[in-house]
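Residue numbers (this note's numbering), protein chains in the order written: chain A, 2 to 521; chain B, 657 to 1356.
Just so you know, these hints were derived from the structure itself, not from any lab. There's no promise every hint is true.
[Claimed, not checked] No farther apart than 20 Å at their CA atoms in a straight line, the calculated lysine to aspartate or glutamate pairs in the EDC-like style are these: (1) A:227 to A:208; (2) B:871 to A:388; (3) B:1285 to A:297; (4) A:381 to A:127; (5) B:1285 to A:478; (6) A:463 to A:388; (7) A:463 to B:868; (8) A:325 to B:1289; (9) B:866 to A:388; (10) B:815 to B:1170; (11) A:69 to A:507.
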Amino acid sequence: MSLHDLLTQYAALAWLVLVPFSAALVIMLIPRGWHLTYRLVAAVSTGFTLILAALLAWDYLALIQAEKIPGTFQGIWHYAFAPQAMSFMGGKITFHLATDGAGVAMCLLTALTIFTGVFASWTLQERAKEYYALLLLLVAGVFGVFVTVDLFFFFLFYEIAVLPMYLLIGIWGTGQKEYSAMKLTLMLLMGSALIIVGFLALFVAADKATMGGGTFNLLQLAAVAKEAFADAQFQRWVFLAFYLGFGVLAGIFPIHTWSPDGHASAPTATSMLHAGVLMKLGGFGLLRVALPLLPEGLADWRWLIVIVAAWNIVYGAFSAMGQKDLKYVVAYSSVSHLGMVMMGLAAGTLTSINGAVFQMFAHGVMTALFFALVGLVYGKAHTRDIDAMGGLARVAPGLAVAFMIGGLSSVGLPGTGGFVAEFLVFMGTFQANVSHPGMWIVAAFACLGIVITSIYVLRLLKRVFFGALPPKYAHMEDAKTTEWVALAMNAAVILAVGIWPKPIIELITSAVMPLLTIMQ
Amino acid sequence: MTIFLTFAQQQSWLIVALPVAAFLFIGFVIIIAGRGQELAKRLAPWVLIVCLAAALALALGALAGGLARGAGGEVSHAPEWFQLAPAAGEHGAAAPGAALRFVPTERIADWLPLPASMGESFARTLKIGTLLDPLSAVMLVVVLLVSLLVQIYSLSYIKRDEHPRFYLYMALFTTAMLGLVIASSLLQLFIFWELVGVCSYLLIGFWYPKPEAAKAAIKAFVVTRFGDLGLLFAVIFLWMGYGDLTFSHLAAQIGPAMAAPAALPVSLTVVAILLFIGACGKSAQFPLHIWLPDAMEGPTSVSALIHAATMVAAGIYLVARMFFLFEAAPMALIVVATVGAFTALFAASIGLAQTDMKKVMAYSTVSQLGYMMMGLGLAAPAAAFFHLTTHAFFKALLFLTAGAVIHAAHTQNIWEMGGLFKKMKVTAITCLIGGLALAGIFPLAGFFSKDKLLESALAAAMGLGPETISAGLGGLILLMALATVLMTAFYTARMWTLVFLGEPRSDGAKHAHEAPRSMQLSLLVLAALTLVAGFLLVPRLTALIAPAHHAALAPWMIWTLTGGASLLAVVGILWGYAAYRRAPATEPLAKLGWAYTGLVKLWWVDAFFTWLAHRVVLVLGRRARTFDKGVVDGLFVDGTAWLTGRLGVVMRRVSAGPLPGQLQYAALVIFLLAALVILGMSLTGLLPLLVKTAQIGGMR
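Okay, chain A solo, but in the shape it has when bound (with noise of 0.2 Å):
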């Protein structure tokens, strides 16, 4: 039996979901004080997600070598989940997991991100209990987001991944944690409402045009979208709601201000896998859902994202550079590096949108690292105040080096996946303007950014790491064994991509090639 055949008959992507959420559940019931047992339980349970999530990643990538993968929407989803047991309304809902080469890009970009979170939180000591059994469930939901076709379940899975932020940064924030947890809950459950407004339009709209075959599923939904969605004005507001709904994640301008405050209060595996992985949803659902069923309404808003997009790459690099706490820099160059992804969506052009799925991969990795190594600085030096470090590559020339590594991947410097991201979405807007005289405009505008994104990183890394050392920071450590395993795998992967991105670019162009067919 082949690798293909077992992940498909033994439900590798419902595993996927039910692992972290299972070992939450796990946690819950250890008793209180066993903090050992619950970092194992995390450990165990998100590198068995790692492994599935590559083995996926493997076997995908085979099936695209063996030409298995057909080109056309409906041929690229496999791992099929769908039990009868599991169908609902008459089957208007169904739990349908199914993935594609982008869906599982991403799953893997999300075992990677929470496996070495969990080692970033190695010592977290304060409640430990809830807190792993909340960053699990978390992880459960972002999992379910990428590996399911329903919408219904989609929506479902958003919420499980979006809610347990709050209680997160609520309980284990620093700094003005109640209003910055509240502000991030409320502004993304606008956007939910938003979400899910969209959605059932596009059932209300799809049971209209099939005489009462209305459905949840999008794959039944892409094959009825060019009747059911037909109407230009339904396309443009339905299109709308979801780059306003989605975008709120995505932190679009400027309805991004939950985002820098929710990064500087949440403890730091939080806001690993909060700018990693959860921000990609954004982009990830106007992938999944919005482009595909309402291309029209991308062409009609493409100049505003386009634009907006521009200004966030901009203003996002900017607003890090005037910031003076650490962690308010990382939060605004996501800010920044999230326009790259809005931008190469909405340009519409293969290697655009290439790029901009390359970039929630590679910006997820690089902010990890970045956010792993600023709760790390923060442990040590007890500060995030840029102005009062310095010198800090005397003692912790590890630390130095693996932040040497992401910024310069948040430069977009040769060599690491910044580059190829950042490279992809401005080739890619650049060739829009074949079909969109004038974009390339925009695209140089936004290649600014690349300028002013160099300026704040090397300031920053001269601020903390050159110059002169402090005295009171003589006999700061340097990072230890569990700290490292969380740097260690993100700078290589940073780097792996960077020098060798066919593979992560392959599985990308085998789910974008066919979502461009359908969307002619």
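Assemble the complex: chain A is given as a structure, and chain B must be docked to it using the hints.
Coordinates of chain B only, in the frame set by chain A:
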């Protein structure tokens, strides 16, 4: 032997792989040995030196192999675009003796597979590989030779404690530089182009506890990155237009007679100028030259290798590599030639008044790079490349002697030196050789290469240059080039006189002593290269990259030019010597008045950019922060929250109040809401949609 040559040609990727191996090995040793361990300190230099020596052997093999195949009259599988290579005899004076032929080798692999977009017939895959042609083969040898000598020199120049980190960075730099040179596609060149930039950043900031070093590192990176933006745009435009970025493909598609593809949104001239902006950043052309003098904060051996001989020449290399693009867009040549000539003059003038030995040389490097750029702009890439090669040797030599002097005298200020000739004879004499070569004195290398550049300027002045460059502009360029010759000779003589002659003017200079043997070795080898590179093999090799474009000038004109330029150089040297022989207490140049102020203030270019960075960019950053916190977040987000809260309070009061008031409120709210909804719907066009939907529903 033949087997080795073939091997070196076929497996030229090994030339890049060897320093990579050194990099990985040193990194590994640092990690397992921990910090401050003997093992890493002892091993690091030798690992790199051995790897570089092996790579140099391979590079020489590859060069010889290409020539041997050319001499064998082999029918080459060379791409057609290589027909640029000159046929025998076509060259006249440019290539004395029988013309050499070189058979290029190209290897290409897919790096980033990108399928064709909708309605396109060709894939847009990004490719990497190796390309050995005269340009890259010679450049590889130059880079490796200088790098190897600098590494040997650094054995005693860099403190033993710092060896592992230094050689780690150096291995990375050499890798990146070789990858840039051997690149077979513009994308790959861009990738390594950025990587050398990072290595430059790391090495300028090598002594990072020094705030100036950390600052200079950032300045270098950001300023060159600004130029890189131009290169990035050029790369993307070319990719949009041609789909494949390998040089062979581009060169076959771009030419004066060929129309630009429709997918290209801008003209080829714009693309060429964008590419040139990238070259300006890396090769420190006006006004992006400001980072190079600051980069002298790095160790001197770094300055010699990266900021004199190799990396800063990458811009020249890029333009020479993409010269077919400039031929197809000759308007861009005007920009290249003018910027180059102006930079040469401008930087030489600043070099006149510098007091820091390394800064004199830094401005001299900027000026010489300007010369090369001018040569490219006048369609004489072979001359520019010739000068690049000789400059790599004599400027690296000059920097290494400066390092020896600074090492001995513990100061960089030439006014605090003096009388070092007696104490460090080897250094003084090798420095003199380098200086005379820089000034262009026969028979040193600089004389020959500079002469070729001046010839192209003379041709342009007579209207024989590229069509787009008028005789008037050509004359102006020639004048600037000749003025530069005079200034170069003057500041070289000034520097050498103040450093080596007279009496010691500080304690450091009094107690100076000759450099250690390993440093002397590098100096002597480079001095030997400077002596012979002007006439031995190098001119013939560099002439391979392209035929001279201008029609041959009459011999008497060339002789007059050579004589005149040499006379200018001699006058400059004597003048400089006479003015500074007694080390006058006040700077003689101060008599120039306002011009001297300009020289000292670096013609206010740096001041302008400092203003731009601190008063504009950083302020914008702070403004963005307050705007985001105050307006976007405060007004909109917190404002909405506040409004909601207030509304709740009002509603509570209303619903708790007497009945008539409640009814009034309710009526008012309903009316307002309805008005708002209808207005909004009709404005957005949602109303017709709703009506239609209702009709459809009614029909069912």
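Going down the list of hints, with the structure as the test:
1. A:227 to A:208: Holds, because 14 Å separates the two Cα atoms, which is no more than 20 Å.
2. B:871 to A:388: holds, 15 Å
3. B:1285 to A:297: violated, 36 Å
4. A:381 to A:127: Distance ~18 Å between residue 381 (chain A) and residue 127 (chain A) Cα, so the pair holds.
5. B:1285 to A:478: The given pair, whose Cα atoms are some 34 Å apart, is violated under the 20 Å limit.
6. A:463 to A:388: holds, 11 Å
7. A:463 to B:868: Holds: residue 463 (chain A) and residue 868 (chain B) sit about 11 Å apart, inside 20 Å.
8. A:325 to B:1289: Holds - the C-alpha atoms of residue 1289 (chain B) and residue 325 (chain A) are around 18 Å apart, at most 20 Å.
9. B:866 to A:388: holds, 17 Å
10. B:815 to B:1170: holds, 17 Å
11. A:69 to A:507: holds, 13 Å
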